[in-house]
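Which chain is which? The protein sequence lines are A and B, in order.
For the first sequence, the numbering used here assigns the number 17 to the initial residue and increments by one for each residue that follows.
For the second sequence, the numbering used here assigns the number 17 to the initial residue and increments by one for each residue that follows.
Take these hints with a grain of salt, some might be off.
[Unchecked claim] So the derived list for chain A, only partly shown, Cβ under 10 Å to chain B, looks like this:
hint, residue
1, Glu47
2, Val50
3, Thr97
4, Tyr165
5, Asp170
No lab work stands behind these hints, which were simulated from the structure alone.
Since the structure is predicted, the reported quantities are computational estimates derived from the model, not experimental observations.
Glycine included, each C-beta is placed from N, C-alpha and C at the ideal position.
2 protein chains.
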Amino acid sequence: MHPITTRLAAAHDRPAIERLLREAGNFNDEECGVGLEIVDVYFSDGPTGGVNGDYPTVVAERDGVVVGYATFGRTPMTESTWHLYFIAADVRIRRAGIGRALCSAIRDVAMVRGGRRLVLETSGRELYDATRAFYDATGFVEEGRIPDYYSPGDAVVYYVWRW
Amino acid sequence: MHPITTRLAAAHDRPAIERLLREAGNFNDEECGVGLEIVDVYFSDGPTGGVNGDYPTVVAERDGVVVGYATFGRTPMTESTWHLYFIAADVRIRRAGIGRALCSAIRDVAMVRGGRRLVLETSGRELYDATRAFYDATGFVEEGRIPDYYSPGDAVVYYVWRW
Chain A
17 MHPITTRLAA AHDRPAIERL LREAGNFNDE ECGVGLEIVD VYFSDGPTGG
67 VNGDYPTVVA ERDGVVVGYA TFGRTPMTES TWHLYFIAAD VRIRRAGIGR
117 ALCSAIRDVA MVRGGRRLVL ETSGRELYDA TRAFYDATGF VEEGRIPDYY
167 SPGDAVVYYV WRW
Chain B
17 MHPITTRLAA AHDRPAIERL LREAGNFNDE ECGVGLEIVD VYFSDGPTGG
67 VNGDYPTVVA ERDGVVVGYA TFGRTPMTES TWHLYFIAAD VRIRRAGIGR
117 ALCSAIRDVA MVRGGRRLVL ETSGRELYDA TRAFYDATGF VEEGRIPDYY
167 SPGDAVVYYV WRW
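All chains, please: the whole structure from these sequences, using the hints.
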């Protein structure tokens, strides 16, 4: 048994998070940069930030090794909507429940703070077929799609997980 | 004739922008705060920011008085999508073309930088009926809607203006 556990990210997790982003294979340079930028906002919030900051970040561990991470947060100007901004899992470990463990942890944090739904934006391209299949299996539902949003032929898909 | 002109906002416009937000009648305290927060990011970018910063902001003037403003910007991680983040016009001056002048100015800036579409998020509530009618008349098309996004019964509506 190799159970997956989750905890809030700490500054020493930054190299692992950067590696997860770079190795995921579906984030380009700008996307990796934005992913790290918001993780750094979370780290710079310090002890007063945590789950109450703008970009709380959790990591998933297996056998003491960081194998996934996610950055999320309350959606500004909404009453009970939260956003999943970035999520990445170790590509060498498939079907181990990393994504599901991260999403469960996020839901737990959001629920305690009155969150009722988690929204994410992802790509409609084939490269993201497995990613979208994961969201479908986790309970997310596609509720909108804007063609050519990321680039010609690459739509944004809005997924919502309600509980 | 009282023509509407537009120009990039300057730091001395901040009180006028705050008044426009407060008097608009459809922004709550948190929304006014976020609107001002991103305008302050634009101001703090200084001379190197302008239309190339994260939150370029334009004002509309009539007879030398600021009667409207908008904050917009290139959508991160997209190739040619721009976002309209905030727009407000003087509620005492109706049907003067303020909103249209601001949107035209934004399109001009975005087009020169390769922008092909302007996306905005607004509320589906009745309070926003006139606002959505303005977007419809300007050329925006509703391309998505997530129920209960802002609060129970208050959906987010995604509008896209393509050119």
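Exercise for the section: Mind checking the CB of Val50 (chain A) against every CB in chain B and telling me if the closest is under 10 Å? Expected result: OK, holds: Val50 (chain A) within 10 Å of chain B, min 6 Å.
Exercise for the section: Identify whether the interface hint at Tyr165 (chain A) stands, where standing means a beta carbon of chain B within less than 10 Å of its own. Expected result: 5 Å, holds
Exercise for the section: With chain B as the partner, please determine if Glu47 (chain A) meets the hint condition of a C-beta pair closer than 10 Å. Expected result: 5 Å, holds
Practice task
Return the status of the interface hint for Asp170 (chain A): holds when the least beta-carbon distance to chain B is below 10 Å, violated otherwise.
Solution key: Check passed: Cβ of Asp170 (chain A) comes within 8 Å of chain B, closer than 10 Å.
Handout entry: Closest C-beta approach of Thr97 (chain A) to chain B relative to 10 Å, hint status
Key = Holds, because the Cβ-Cβ distance from Thr97 (chain A) to chain B comes to roughly 5 Å (cut-off 10 Å).
Comparing the model with each earlier hint shows no violations; every hint is respected.
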